[in-house]
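Q: These protein sequence lines map, in sequence, to chains P and G.
Take the first sequence: its position 211, counted from the start at 1, is 210 in numbering that gives the first Met the number 0, and no numbers get skipped.
Take the second sequence: its position 21, counted from the start at 1, is 20 in numbering that gives the first Met the number 0, and no numbers get skipped.
Honestly, the hints are just simulated from the structure, not real lab data.
Backbone N, C-alpha and C fix where the C-beta goes; we use that ideal spot for every residue, glycine too.
Hints may contain errors.
To give a feel for the contact side, a few chain P residues facing chain G, derived at Cβ under 7 angstroms [as the list claims (entries may be wrong)]:
#1 VAL35
#2 ASN39
#3 ASP43
This is what each chain is made of:
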Amino acid sequence: MKAKGEYVLRFGDSALVLAQRTAAWVAHAPVMEEDVALANVALDLFGQARLWLDYAGEIEAEGRDADRLVFHRDASAYRNVLLVEQPNGNFADTMVRGFFYDAWAALAYGRLTGSNDERIAAVAAKSAKETAYHLRRSEDWLVRLGDGTELSHERAQCAVDELWRFTGELFLGDEVDAEMVACGIGFDPQALREPWLQRVSAALATATLVKPGDGWMQRGGKQGRHSEALGYLLAEMQVLPRSYPEAVW
Amino acid sequence: MSTDWPLWEIFVRSENGLAHKHVGSLHAADAEMAVQNARDLYTRRNEGVSIWVVRSTDIVATDPAQSEALFDPSEDKSYRQATFYHVPEGVKNL
Numbered sequence: 000m001k002a003k004g005e006y007v008l009r010f011g012d013s014a015l016v017l018a019q020r021t022a023a024w025v026a027h028a029p030v031m032e033e034d035v036a037l038a039n040v041a042l043d044l045f046g047q048a049r050l051w052l053d054y055a056g057e058i059e060a061e062g063r064d065a066d067r068l069v070f071h072r073d074a075s076a077y078r079n080v081l082l083v084e085q086p087n088g089n090f091a092d093t094m095v096r097g098f099f100y101d102a103w104a105a106l107a108y109g110r111l112t113g114s115n116d117e118r119i120a121a122v123a124a125k126s127a128k129e130t131a132y133h134l135r136r137s138e139d140w141l142v143r144l145g146d147g148t149e150l151s152h153e154r155a156q157c158a159v160d161e162l163w164r165f166t167g168e169l170f171l172g173d174e175v176d177a178e179m180v181a182c183g184i185g186f187d188p189q190a191l192r193e194p195w196l197q198r199v200s201a202a203l204a205t206a207t208l209v210k211p212g213d214g215w216m217q218r219g220g221k222q223g224r225h226s227e228a229l230g231y232l233l234a235e236m237q238v239l240p241r242s243y244p245e246a247v248w
Numbered sequence: 000m001s002t003d004w005p006l007w008e009i010f011v012r013s014e015n016g017l018a019h020k021h022v023g024s025l026h027a028a029d030a031e032m033a034v035q036n037a038r039d040l041y042t043r044r045n046e047g048v049s050i051w052v053v054r055s056t057d058i059v060a061t062d063p064a065q066s067e068a069l070f071d072p073s074e075d076k077s078y079r080q081a082t083f084y085h086v087p088e089g090v091k092n093l
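Required output: the full structure, derived from the provided sequences and hints.
A: Now the structure itself:
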């Protein structure tokens, strides 16, 4: 089933790209405790990506496993949302990006646990637990930074303003979503918008940050049209297996 | 930056029914962050079911200079140990 493979690929790629971004903080976090915490989040996301992508490969039935999909696809074959491929920037940029994603993922996995595809429901149930913790952390940091010092407030607001235009895609459905809804496997992305906005608006208010107005929203990641940022990320991530396809460890 | 944050002592209960045990310390801006950092630093390999965090400065400790007065007197009182007593033969339900 082509649509289902595509659908699963989207969740896997989003988890994978955010994992790769988050992992780049290791040894660069502001404090050692945060370094370990970020590594934990990245490892959770890598684990989720593996489960989604192995399943995507099985559905495709062309002999590709998660590793093959991760290391041997070009940017245009990636189906992650644009939000997660945005560069790490400063610590506030990373935390705000994480918070926007986590708040969405918590809702998405909540819906998918009711999927009539047992495998999808099981992966979602596992991911939902991890995501609940990621969200708790990223929301906590959003409030700390927003309601922190003058500098941290300024950076957090700047991150919110910069990343806002990538949040619209999270709630934008296409024919793949429609088909998954019709056969009881997936959910309508639009239905997550209100609960997401409620959670995000409340957190932004607590953080004394201003919610941006509804302006132009970027789109296309789910269909394989990415920003140039993803190309650099993939180049670094894939260079070894691409240069030495037979390499093992 | 880490030095700006206070130090916290972390106690983890490995399973229900057991007591919390001191596992180490970490830096955090406040109690909530200390709990989250403790979760990530000390329970990532399934070590615990409960975490306590205590500001290191809130712990009142014994003075090492007084350890003779405090602890040595119990050294020669072996009758305070259960193993000091012989159980008479034939006693059941002890």
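Q: Are the hints correct? Go through all of them and say.
A: So, going through the hints one by one against the coordinates:
{"no.": "1", "hint": "VAL35", "result": "5 angstroms, holds"}
{"no.": "2", "hint": "ASN39", "result": "5 angstroms, holds"}
{"no.": "3", "hint": "ASP43", "result": "10 angstroms, violated"}
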